[in-house]
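Trainee: Keeping their order, the protein sequence lines are chains A and B. Numbers 0 to 288, taken from numbering that gives the first Met the number 0, label the letters of the first sequence in order. Numbers 0 to 342, taken from numbering that gives the first Met the number 0, label the letters of the second sequence in order.
Honestly, the hints are just simulated from the structure, not real lab data. Note that the structure is a prediction, hence the values are computed from the model and not measured. Incorrect hints may appear among the rest.
[To be verified] Not everything, but these chain A residues come out facing chain B in the computed CB check (under 8 angstroms): (1) A185; (2) H199; (3) P203.
In this text, a Cβ means the ideal position worked out from N, Cα and C, and glycines have one as well.
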Amino acid sequence: MLNKPYSNRAWLGVLPVVLVVAFSAVVPLITVVNYSVQDILDFNSRFFVGLEWYQQTLNDPRFIDAFLRQLGFSASVLLLEIPLGILVAKGIPRQSRMTPFLLVFLAVPLLIPWNVVGTIWQIFARADIGLLGVTLNAAGFAYNYTAEPLHAWLTLLAMDVWHWTSLVALLSFAGLTSIPQPYYQAAELDGASRWQIFRHVELPRLRGVLIIAVLLRLMDSFMIYTEPFVLTGGGPGNTTTFLSQHLATMAVGQFDLGPAAAFSVIYFLFILLFCWLFYTSVMVRDETP
Amino acid sequence: MAEIQLVDVSFSYPGAAGATLEQLSLQVADGQAHALLGASGAGKTTLLNLLSGLLSPDQGRILFDGQDVSRLPGRERHVAQVFQFPVLYESMSVRANLQFPLTNARVDVDVARQRIDHVSAELGIESLLERRAGQLGLFEKQLVAVAKALVRPDVALVLLDEPLTAVEPKIKWQLRQVLRKAQADLGVTMIYVTHDQTEALTFADQVSILTAQGILQSGTPQQIYEAPAHEFVGHFVGSPGMNFVPAALFDQPQAERLGFRPEWAALVSPSAAALQGAVSRVRAQGSQGGEHVGLTTIVTQHGEVHVHGPLRFAVGHEVGIQVGRYVLFRAQQQIGTGRWHAE
Numbered sequence: 000m001l002n003k004p005y006s007n008r009a010w011l012g013v014l015p016v017v018l019v020v021a022f023s024a025v026v027p028l029i030t031v032v033n034y035s036v037q038d039i040l041d042f043n044s045r046f047f048v049g050l051e052w053y054q055q056t057l058n059d060p061r062f063i064d065a066f067l068r069q070l071g072f073s074a075s076v077l078l079l080e081i082p083l084g085i086l087v088a089k090g091i092p093r094q095s096r097m098t099p100f101l102l103v104f105l106a107v108p109l110l111i112p113w114n115v116v117g118t119i120w121q122i123f124a125r126a127d128i129g130l131l132g133v134t135l136n137a138a139g140f141a142y143n144y145t146a147e148p149l150h151a152w153l154t155l156l157a158m159d160v161w162h163w164t165s166l167v168a169l170l171s172f173a174g175l176t177s178i179p180q181p182y183y184q185a186a187e188l189d190g191a192s193r194w195q196i197f198r199h200v201e202l203p204r205l206r207g208v209l210i211i212a213v214l215l216r217l218m219d220s221f222m223i224y225t226e227p228f229v230l231t232g233g234g235p236g237n238t239t240t241f242l243s244q245h246l247a248t249m250a251v252g253q254f255d256l257g258p259a260a261a262f263s264v265i266y267f268l269f270i271l272l273f274c275w276l277f278y279t280s281v282m283v284r285d286e287t288p
Numbered sequence: 000m001a002e003i004q005l006v007d008v009s010f011s012y013p014g015a016a017g018a019t020l021e022q023l024s025l026q027v028a029d030g031q032a033h034a035l036l037g038a039s040g041a042g043k044t045t046l047l048n049l050l051s052g053l054l055s056p057d058q059g060r061i062l063f064d065g066q067d068v069s070r071l072p073g074r075e076r077h078v079a080q081v082f083q084f085p086v087l088y089e090s091m092s093v094r095a096n097l098q099f100p101l102t103n104a105r106v107d108v109d110v111a112r113q114r115i116d117h118v119s120a121e122l123g124i125e126s127l128l129e130r131r132a133g134q135l136g137l138f139e140k141q142l143v144a145v146a147k148a149l150v151r152p153d154v155a156l157v158l159l160d161e162p163l164t165a166v167e168p169k170i171k172w173q174l175r176q177v178l179r180k181a182q183a184d185l186g187v188t189m190i191y192v193t194h195d196q197t198e199a200l201t202f203a204d205q206v207s208i209l210t211a212q213g214i215l216q217s218g219t220p221q222q223i224y225e226a227p228a229h230e231f232v233g234h235f236v237g238s239p240g241m242n243f244v245p246a247a248l249f250d251q252p253q254a255e256r257l258g259f260r261p262e263w264a265a266l267v268s269p270s271a272a273a274l275q276g277a278v279s280r281v282r283a284q285g286s287q288g289g290e291h292v293g294l295t296t297i298v299t300q301h302g303e304v305h306v307h308g309p310l311r312f313a314v315g316h317e318v319g320i321q322v323g324r325y326v327l328f329r330a331q332q333q334i335g336t337g338r339w340h341a342e
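Can you build the whole structure from these sequences, using the hints too?
Mentor: Shown next, in the form of structure tokens:
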């Protein structure tokens, strides 16, 4: 190893990426951090306030409510979409002439722009003219998502499940098709039940794709903005106001740049924290024998 | 443990033009290690799948101890299989892997523990029992896969589908020894499928040669090597295979062709032998008693002939080939063996 050539020129190759990341992420982020410690009245008068905005945000009951709602939403979405996605993936035939069509059909919701998804469901669920709303009311349920918080929640969850379960299903399907046939054959000869085959053959081999699926859905659902904004606008009341929407109201609606910036930093750190917690917990489990 | 019989088994894949297996019969005695040797495309995998219950024969019967199991699924036949690459429940410990088929077969807990201890001692994997299967090396995994196949006390038949393919050559020999010993100690009926003749001939009590035409010969490794029932067997087994020349050269009117192994012949001066040719290649393979030995290839008017023995002639030399032992064939079938004088 003594003769290993030592050169720092490789760093030059990394430079373009560093520049792109700097201007697209690091500089704006630092700007936000800068805002979060100042009180900005106008362009010429600003005061350094230290961590005041952070304290204020963390003690703000509206922030805490929005945060708890956000946690509830993300948890529900994961609990619904992951099992459902696996179930759908199990239902897709492996080698059939229908398989390609099914896969394309499944991918359709993923291709629709988010505000369009919101609009589709906004109309679809309306109690006066929407297919879903009218049908439910005709069936005897007094369904109205613009007035009932529970209905608004269920509609939001249904919309997210409709929009994103396909992603989990497609990832899981790719994972399932990569399992070599002998694993199934061996399990059959071992007298394994269908549940055991799923639990001991399929699930361990889906682990990689499921980690990706959970991470993607966790981050995405935690940052969800467009769809609830279009569908419920955060209402009725504040019952479906999630973190991003609360933030938008503060930053764009009320122009409270300092508190909004502190909020953003906290928000960002929470997403990072959750992803890190999840990822390290599964990776640590991997290393224990 | 069971005696395995295949009676006139035929199978063709849906949509395929011809039958993959036709009227195939095979007998494997209880507790025997039986090797199925065949080139690719001979239907080895199909035959395995018929035995394991993944496929059912179109015609014919598969009997385990005289009982027809042709239509039974694999789990009811008590068959275990070892695959080309190690197939384990990788998230479980090795012990849990071995326990899994026992639990499903409702084997008593104490019996199961004894059985696991016994089999893992046999294969030398006691130290791996508490480790997670996914963390083992390839060789260890395949050992565990073998243990999992052997662990069930009621296992009727263990199928091995080229189990040494994924293992590196150095360790192949070791695993084969372990496998052979475990088979003999546990008295399990084993069918070992391979395209590697060394593996087949060194592993098995009985070897069957499978080709697209069916099973050409079943016999002990010695029978297969010394008295091939069909010209193909003579040609396929051995490295290089048997030499074939017209039987008329040696005054054997009842036969069409005469076959001899490279080491059954000796090189002499051209006038002293019925078969002559020019040396075209010489490959040294070591020395014996101070003399170089190896393989000499001679071009005769009846094709190339390989002779194994002392290397006394250089390339280009005219030599005679004196045949000691021989096998006679008519219409590719063996009709007799014999020898003229000491080799």
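Trainee: Hint by hint, say whether it matches the structure.
Mentor: Structure-based check of all given hints:
Contact between A/A185 and chain B, as hinted, is supported at the beta carbon level, the nearest pair being about 4 angstroms apart and thus within 8 angstroms. Because the smallest distance between the Cβ of A/H199 and any Cβ of chain B comes to about 5 angstroms, under 8 angstroms, the interface hint for this residue holds. Using the Cβ-Cβ criterion of 8 angstroms, the hint placing A/P203 at the interface with chain B is satisfied: the shortest such distance is roughly 4 angstroms.
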